[in-house]
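J.: Chain by chain, the residues run as shown.
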Amino acid sequence: DTEVTQTPKHLVMGMTNKKSLKCEQHMGHRAMYWYKQKAKKPPELMFVYSYEKLSINESVPSRFSPECPNSSLLNLHLHALQPEDSALYLCASSQRQASVEAFFGQGTRLTVV
Amino acid sequence: QKEVEQNSGPLSVPEGAIASLNCTYSDRGSQSFFWYRQYSGKSPELIMFIYSNGDKEDGRFTAQLNKASQYVSLLIRDSQPSDSATYLCAVTRYTPSKLTFGTGTRLQVTL
Numbered sequence: 001d002t003e004v005t006q007t008p009k010h011l012v013m014g015m016t017n018k019k020s021l022k023c024e025q026h027m028g029h030r031a032m033y034w035y036k037q038k039a040k041k042p043p044e045l046m047f048v049y050s051y052e053k054l055s056i057n058e059s060v061p062s063r064f065s066p067e068c069p070n071s072s073l074l075n076l077h078l079h080a081l082q083p084e085d086s087a088l089y090l091c092a093s094s095q096r097q098a099s100v101e102a103f104f105g106q107g108t109r110l111t112v113v
Numbered sequence: 114q115k116e117v118e119q120n121s122g123p124l125s126v127p128e129g130a131i132a133s134l135n136c137t138y139s140d141r142g143s144q145s146f147f148w149y150r151q152y153s154g155k156s157p158e159l160i161m162f163i164y165s166n167g168d169k170e171d172g173r174f175t176a177q178l179n180k181a182s183q184y185v186s187l188l189i190r191d192s193q194p195s196d197s198a199t200y201l202c203a204v205t206r207y208t209p210s211k212l213t214f215g216t217g218t219r220l221q222v223t224l
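Chains as they are written, first to last, in the numbering used here: chain A, 1 to 113; chain B, 114 to 224.
Just so you know, the hints here were simulated from the structure itself, not pulled from any lab data.
No experiment lies behind these values; they were computed from the predicted model shown.
A hint or two may mislead.
[As the list claims (entries may be wrong)] 30 Å max Cα-Cα, derived DSSO-like pairs, lysine-lysine:
#, chain 1, residue 1, chain 2, residue 2
1, B, Lys155, A, Lys18
2, B, Lys155, A, Lys53
3, B, Lys180, A, Lys40
[Said to hold, decoys possible] Some chain A residues well away from chain B (every beta-carbon gap over 10 Å; in silico):
#, residue
4, Val12
5, Lys22
6, Met27
7, Tyr51
8, Glu52
9, Ser59
10, Pro61
11, Asn75
12, Ser86
13, Ala87
Built from N, CA and C at the ideal position, the CB exists for glycine as well.
Generate the whole structure from the sequences, applying the supplied hints.
T.: Shown next as structure tokens:
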């Protein structure tokens, strides 16, 4: 099983809403990642969790708040987003942080209105 | 200078031909090199990785790495219409674990 599952697949939210993106993997991977990808651009790293601890935060605005409840789950809490935050949000996992063979989920297409 | 550079394309090749995708990188400390395929609206899918200079073959795909020239390429033999996608080159040092992606090359395989 090499699957990383993200929910929801699509999300439309207003600028005053609070929502959460969820990511789950059952490969026993201990590193999980959030990426943001705008149209026709490469993925940009947002956060890295290693052994359930935040190890990299790429200076992401505080309106994005990651959470890693356990080794299989990674959430991204969204609050007071802006229209420019509309993008494809990708979760990925790898065996460990030094193992960079990352497997991506299918992504959540987020539209902020 | 961008950290990872790719020609955005589109690169158009006829079905059955060899597609050659190129990538250059600026960080000489880069140790690991990856090729991801991304269909429109979908997430990236890892298709090849290479760590050592030389060639690495996997089915119809061959990755080539030349660290001295800071160059990595992907060859796709017997190209199929289903290979039409954007191919992302990604590089990283071992520590910290951060993939840096190129902007991708769009490949079109024509009938």
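J.: Please go over all the hints and tell whether each is borne out by the structure.
T.: Going down the list of hints, with the structure as the test:
1. B:Lys155 to A:Lys18: Distance of about 25 Å is within 30 Å: holds.
2. B:Lys155 to A:Lys53: holds, 28 Å
3. B:Lys180 to A:Lys40: It holds: about 28 Å lies between the C-alpha atoms, which stays within 30 Å.
4. Val12: holds, 16 Å
5. Lys22: Holds, since 15 Å exceeds 10 Å.
6. Met27: Met27 (chain A) clear of chain B: closest Cβ-Cβ about 13 Å, beyond 10 Å.
7. Tyr51: Holds, since 13 Å exceeds 10 Å.
8. Glu52: Glu52 (chain A) is indeed farther than 10 Å from all Cβ atoms of chain B, at 15 Å.
9. Ser59: Check passes; 13 Å lies beyond 10 Å.
10. Pro61: At about 19 Å from chain B, Pro61 (chain A) clears the 10 Å cut-off, so the statement holds.
11. Asn75: At roughly 18 Å from the nearest Cβ of chain B, Asn75 (chain A) sits farther out than 10 Å, so the non-interface label holds.
12. Ser86: holds, 14 Å
13. Ala87: holds, 12 Å
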